[in-house]
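A.B. asks: Chain by chain, the residues:
Number of protein chains: 4
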Amino acid sequence: MSRFTVEEFRTLMRDHLPVAVAMGVEPLEFGAGYAELRLPYHDDLLRPGGTVNGPALMTLADIAMYAAVFTAIGRAELAVTTSLTINFLRKPPRADVIAKARMLKLGKRLAVGEVELYSEGDAEMVAHVTATYSIPPDRSR
Amino acid sequence: MSRFTVEEFRTLMRDHLPVAVAMGVEPLEFGAGYAELRLPYHDDLLRPGGTVNGPALMTLADIAMYAAVFTAIGRAELAVTTSLTINFLRKPPRADVIAKARMLKLGKRLAVGEVELYSEGDAEMVAHVTATYSIPPDRSR
Amino acid sequence: MSRFTVEEFRTLMRDHLPVAVAMGVEPLEFGAGYAELRLPYHDDLLRPGGTVNGPALMTLADIAMYAAVFTAIGRAELAVTTSLTINFLRKPPRADVIAKARMLKLGKRLAVGEVELYSEGDAEMVAHVTATYSIPPDRSR
Amino acid sequence: MSRFTVEEFRTLMRDHLPVAVAMGVEPLEFGAGYAELRLPYHDDLLRPGGTVNGPALMTLADIAMYAAVFTAIGRAELAVTTSLTINFLRKPPRADVIAKARMLKLGKRLAVGEVELYSEGDAEMVAHVTATYSIPPDRSR
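Residue numbers (my numbering), protein chains in the order written: chain A, 1 to 141; chain B, 142 to 282; chain C, 283 to 423; chain D, 424 to 564.
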């Protein structure tokens, strides 16, 4: 069962993640070690070629992994990304982007996960991310 | 010698990279296969812990590599990132972030580079990025 | 349907991949864009801590992706890895290692895939790999 | 000053790193947070195209980072790679390969470094690696 709710994450975003709020990121569904979020399309996300820009995808993926860590261990505000790798697979069209993050490993000190990114309504992945989070020793449980 | 000027990149950003403009990214210095840019600090960049958020660093690094590709091959608007790996090294304090991007390899189809990120005025790297760009076959030279 | 058979890959390894032969790598099952291989355990694979060494896992993963590219596009001997990222998740015990590689994207110039590595008989992934291959323009189809 | 000598690493390899010995890896020069090693060329390293195979480069890079960690913190046999990213830049010809590893960050729990790989006698980098090592809490100092 998820240890953090969509509603709790929405509050956390509002209080602590201005970048997520500014982009309009919406948490959709959380499970234990799983988080699904949406990035609504808007024209400021475009880059030359008429596709959604790469940094927007990386930002969404990072927030999705952050959420997935919370679903696994509860509120851990000070968890920080230590590394992230993204592979861009297809040019994302002008559409909302959906991120599906899941934990691959949850250790005491490190959490590793992968995030699949899709354009809404399309079954082909547009980008694939793996990321590692450092879990603070003193996080509240 | 750089095949693209700071002034030309500023114009390109204004016309085609709304995300860079919104963040206030400033090109500082270009050389052949080298680009240095600044991300001015503002409070919207904060994340829990009082440090600059990771996505802001990734965004800056990606734009810096994009610029470095231009300095090496000239305007190549449709060059796209194919993969990017970031390692976060130290928590960036509330300060401007400087990106220094340089090409490691410039092939016909792929360009690979690395980006070092620093907090202004501090010699210790805050994050290290490697990224690969796909170069369009039909780019104007 | 796979465009390359397990038997063909065994022959290719024998003729062209001495490193794979020396390690005893065995192709197990191929599908279209999918390849499963085994690395038999032997004591030379150990590292301090009594676990299988990381380079052995990376080597197996790289060979598995190479095979997966063949299953998708047919023999493409000159396909080369352009980048590879591995996340080590758990310490692999003294046991055979199984690699499951599948394509995430097959473009004209680049193929991107992911490889999951398991210790034989254990459902928990020991390492996760993403890799990009450059596809030669003149490969035989 | 290096906290581990070339001679000590040679002994460690002989006792604990059979893969390094089998490949003939030679430590060349150590500094504080810096290690330079050589992989002598031999025909078993070839892959189709007549170049040194990628796994050999990854293996050398991983061993070089392991050595660099030792130079920085002393013997830490149980340090383990947590992630590694390699970008292949140029096809390495039939020649010895030199690895130059240096620490980018040395934390209490994680060490991050980069490794540059060269063909002996050639100034152009053939591959670039970043890697993260987890430092055991109980390592002997």
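Rather than coming from a laboratory, the hints here were simulated on the basis of the structure. What you are looking at is a predicted structure, and each value in this text was computed from that prediction instead of being measured. Glycine included, C-beta positions come from ideal geometry on N, C-alpha and C. Keep in mind that a hint or two might mislead.
Computed, partial: chain A to chain B, Cβ under 7 Å [as the list claims (entries may be wrong)]:
| no. | residue |
| --- | --- |
| 1 | His42 |
| 2 | Met58 |
| 3 | Gly74 |
| 4 | Phe88 |
A.B. asks: Does the nearest C-beta of chain B fall within a distance shorter than 7 Å of the C-beta of histidine 42/A?
C.D. replies: Result: violated, 10 Å to nearest chain B Cβ.
A.B. asks: Using Cβ atoms only, decide whether glycine 74/A comes closer than 7 Å to chain B, and label the hint accordingly.
C.D. replies: 15 Å, violated
A.B. asks: Hint check: is the beta carbon of methionine 58/A less than 7 Å from a beta carbon of chain B?
C.D. replies: OK, holds: methionine 58/A within 7 Å of chain B, min 5 Å.
A.B. asks: Answer holds if the nearest beta-carbon of chain B is closer than 7 Å to that of phenylalanine 88/A; otherwise answer violated.
C.D. replies: 6 Å, holds
The earlier numbered hints that this structure contradicts are 1, 3.
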